[in-house]
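Q: Please arrange chain P on chain D, whose structure you already have, making use of the hints.
Chains as they are written, first to last, in our numbering: chain D, 1 to 470; chain P, 1 to 470.
Keep in mind the hints are simulated off the structure, nothing from the lab.
Please note that the accuracy of each hint is not assured.
As the list claims (entries may be wrong) - Which stretches of chain P does chain D cover? Using the computed rule of at least three CB atoms under 8 Å from a CB of chain D, they are: (1) 13 to 20; (2) 36 to 43; (3) 99 to 106; (4) 178 to 188; (5) 420 to 432.
As the list claims (entries may be wrong) - A few chain P positions that, by computed beta-carbon distances, are all more than 12 Å from chain D: (6) 31; (7) 59; (8) 162; (9) 165; (10) 307; (11) 308; (12) 320; (13) 334; (14) 359; (15) 400.
Bear in mind that the values here come from a model prediction, so they are computed numbers and not experimental data.
Glycine residues also receive a C-beta, built at the ideal position from the N, C-alpha and C atoms.
2 protein chains.
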Amino acid sequence: MTALASLAEVVGPSACLTAADDVAPYAVDWRGAYKGTPSGVVKPNSTEQVAEVVRRAATAGLAIVPAGGRTGLCGGAVPPANGPASIVLSLERMNRIRNVDPRDFSIVAEAGCVVQNVQQAAAEAGRLFPIQWGAQGTAQIGGMLSTNAGGIRTLRWGNARELVLGLEVVLPDGRVLDDLRRVRKDNSGYALRHLFIGGEGTLGIITAAALRLQPALKRVETAFVAVPSPDAALSLFGRAMESGAELIAFELCARYCMETAAKHGVGLRMPLPLESPWYVMMEIAAAHPSVPLREMLEEMLGQAIEAGEATDASIADSEAQRLNIWKIREDYPECARREGFAINTDTAVPVSAVPQFLERAIAEVSKRWPQGRISAIGHLGDGNIHFGLHVPPGWDDDRPKWVAATEGFESLVNEIAVSLGGSFSAEHGIGQSKRHAMAAHKNPVAMDVMRTIKDALDPDGRMNPGKVLP
Amino acid sequence: MTALASLAEVVGPSACLTAADDVAPYAVDWRGAYKGTPSGVVKPNSTEQVAEVVRRAATAGLAIVPAGGRTGLCGGAVPPANGPASIVLSLERMNRIRNVDPRDFSIVAEAGCVVQNVQQAAAEAGRLFPIQWGAQGTAQIGGMLSTNAGGIRTLRWGNARELVLGLEVVLPDGRVLDDLRRVRKDNSGYALRHLFIGGEGTLGIITAAALRLQPALKRVETAFVAVPSPDAALSLFGRAMESGAELIAFELCARYCMETAAKHGVGLRMPLPLESPWYVMMEIAAAHPSVPLREMLEEMLGQAIEAGEATDASIADSEAQRLNIWKIREDYPECARREGFAINTDTAVPVSAVPQFLERAIAEVSKRWPQGRISAIGHLGDGNIHFGLHVPPGWDDDRPKWVAATEGFESLVNEIAVSLGGSFSAEHGIGQSKRHAMAAHKNPVAMDVMRTIKDALDPDGRMNPGKVLP
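If we strip away everything but chain D, and leave its shape as in the complex, we get (with noise of 0.2 Å):
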């Protein structure tokens, strides 16, 4: 029996994909930037099935990859280009929601759950699962925590990995490592989870997880700030921060993004004329229907034109308007896409850092390639930016000609952030596309220990090869 039928015997013929046809989507990223060759895509429904596949794997020699909703930016679902014989393992029918508890805030969901159903069937209890991001309605929660996701909402909830109680692991070796528990607080013994989240299925499989869940949220006030620079965004931020608003998202975006934005968008309505050089999204929440929040906003935004933090502000009258300004911002990278191919990263510094760091990569990129356009969005509030340089217009045919002209882009920009005590990966993760960064940046000694643990846990190098470590 061939290694692929000894797996189809353990989730069905009709969930092993061999056929080439059928396997050719699971050996390409979405943004067809990477491309593997896997034997097969096995898709178990359920622990024992991983487990199972997992170890009958070990016993043929084939890598596993995991994969999810393969939103991921950075190829880390995909076997790499030159790997070992490897299977996909797609968690796609492990979608099942185990348990809602709305007197627990907690919510228990496998892997392969899309992220926006989760945020429902919590909706549906009149719980809130916080986490929000563009891909939401494709993602899945085994990715999600893989990645440890971020988004506009982290400002207020966290990261991806803030929300986990509990996780289900099946291991390298196939055994199950049960931490399924809707606990919040529990100190016996090193927090293993932690390891999962964020390890890119380097170190095991999540199959489920318990996840926190938040009240409601009844009001939200939401705005689009002209500001007059990074400074004085930070300086609003600060403001809206010790204001006692509960902040839940503070986008900073650069004025040619938003007339990227409003150039290639669909339906697509600027709440200000784009004369401004920054703006800011942002938006406060209130769950106690006595808070006026409103007049919170008003006045805040009223104080901070005054300080000159603020040149001019419309707030969202209506809930149409409020969703126009969050479309502007989870429509932009489709928008910036279609303006043109681009250079991007994905840093973090300090969040008083942020000027510092925009003003001198703006300076030494535009220094440097004076005919590139550069982009700059992110979530000031958790001080990650996310800068990036386009194209210049009519080059746009000649795509490798762009790349060979901005050699060095990237590590300039990830350099300034390493210095200012930052990040060159804030929450897109490392995959197959930033092992050379992890190589340039990462603390040596943290890299060698990273490789203790993976020889440790992984001795074989069987899960998910050539991802995160260089």
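A: The following block gives chain P in isolation, referenced to the frame of chain D:
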């Protein structure tokens, strides 16, 4: 040169204690339950000194027991009675606050900083360092992180773990893992810090931490509420969460505990007559001046009384009254000690399972030890109840008799918690006192992964031997 003389060379003779009288205080925990025989006490005052001490201790074959404020309840900071030759490495001289950045909402503190000093430094910058528990005037940052301390505000801001942005750690081989970055998002490889947080010094020594700060709380409202049952308390908790008020503490206390506090407390005043079987202490907060906090609390409690979730309530009318309520809670452990010897536990269950946990524990314990007096007090909002059994009046002179009579109490209560998907060690850690509970209740796969990690990072077992892992 002796090993201790070599260490004195590193830290200076006055910071290397070897005389029996000088060493004695470090050889025993504050409860007097654990006593070891360290060869000496070494007090480095810099990260470099810690690293050099670790290297020289390794050469000399000495184990290292890291120590901070030594307020732990589990004997974690004291060498075990029959352990290997060891030194106590006290971080007390590493007590500098390296940086406070209000715009970044962060503070960088060395391990030896007393927790209260960090709270004060944050307050002086207009910020809140939110962790709070009884021992904060003595406990140090390193111990707080090594044990992932909890307290009464984890409900809102998490355990110590959730407050960490970055860590500096000296590894068992003396290398420094410098990850002291103030970055809120960082997905560059495995989240190593979480191994050391809650690792109780068995994988390395935390020397400094970058910690999150919050906007200062401008106002709080606090209530002492009589509730008919734990289930009613749970409903009140849900009501408070759903109301949209910012709930920052929610404690549940059995009447017996309040009677004990009333009997032994100094200067405590009970806000209500002790006629109810259970009491809740709750606090809501607001940083924004326009939030009608008092009205929110009054309305919520009025509705709760109408719904039968509460029978009476006293809202603090002044800061003195508010402090009195929290003093009842914080002084309770000392009052309980005055009442007599007790066997205690530190369990957590899902929040919604607290009533079931208490019902089962009370039924089984009162049946098996009818002469004992049951205490139950804890953080209902986290599912973390300290369930204990006080010696009967008159028996206190014969502690060994009560210890013998209550054999099986701890494992019975822990077993009930674990069977409800809970933990036998919620916030105090394992140290020496709960290693038998680890052996009895911890998932064996989790234990095996912990041992693999311990062996990989500390192959000679030099870091805090005899702790955490059985």
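Q: Give a verdict on every hint.
A: Results of checking the hints against the structure:
Closer than 8 Å: that is the beta-carbon criterion, and the segment 13 to 20 of chain P has 0 residues meeting it against chain D, so the requirement of 3 is violated. For a cut-off of 8 Å, the count of residues in the segment 36 to 43 of chain P with a CB near a CB of chain D stands at 0, and the three-residue condition is violated. A stretch counts as covered by a chain when three or more of its residues have a beta carbon under 8 Å from one of that chain; for the segment 99 to 106 of chain P and chain D the count is 6, and the coverage holds. By the rule of at least three residues with a Cβ nearer than 8 Å to a Cβ of chain D, the coverage given for the segment 178 to 188 of chain P holds, with 10 such residues.
With a threshold of 8 Å between beta carbons, the proposed coverage of the segment 420 to 432 of chain P by chain D holds, since 10 of its residues qualify and at least three are required. Its beta-carbon lying about 18 Å from the closest one in chain D, residue 31 (chain P) satisfies the requirement of being farther than 12 Å from that chain. For residue 59 (chain P), the requirement that its beta carbon stay farther than 12 Å from each beta carbon of chain D is met, with the minimum near 20 Å. Chain D draws residue 162 (chain P) into its interface by the beta-carbon criterion, the shortest separation being 6 Å against a cut-off of 12 Å.
The claim that residue 165 (chain P) is not at the interface with chain D is violated, since a C-beta of that chain comes within 12 Å of its own (minimum 8 Å). Every C-beta of chain D lies more than 12 Å from that of residue 307 (chain P), the closest at about 15 Å, which supports listing it as non-interface. Every Cβ of chain D is farther than 12 Å from the Cβ of residue 308 (chain P); the closest lies at roughly 17 Å, confirming the non-interface assignment. Even its closest Cβ contact with chain D, about 24 Å, leaves residue 320 (chain P) beyond 12 Å, as expected for a residue assigned away from the interface.
Look at residue 334 (chain P): its CB is around 22 Å from the nearest CB on chain D, clear of 12 Å, so calling it non-interface holds up. No beta-carbon of chain D is positioned within 12 Å of the beta-carbon of residue 359 (chain P); the least distance is around 15 Å. Its beta-carbon lying about 28 Å from the closest one in chain D, residue 400 (chain P) satisfies the requirement of being farther than 12 Å from that chain.
In this structure, the earlier hints numbered 1, 2, 8 and 9 are contradicted, and the remaining ones agree with it.
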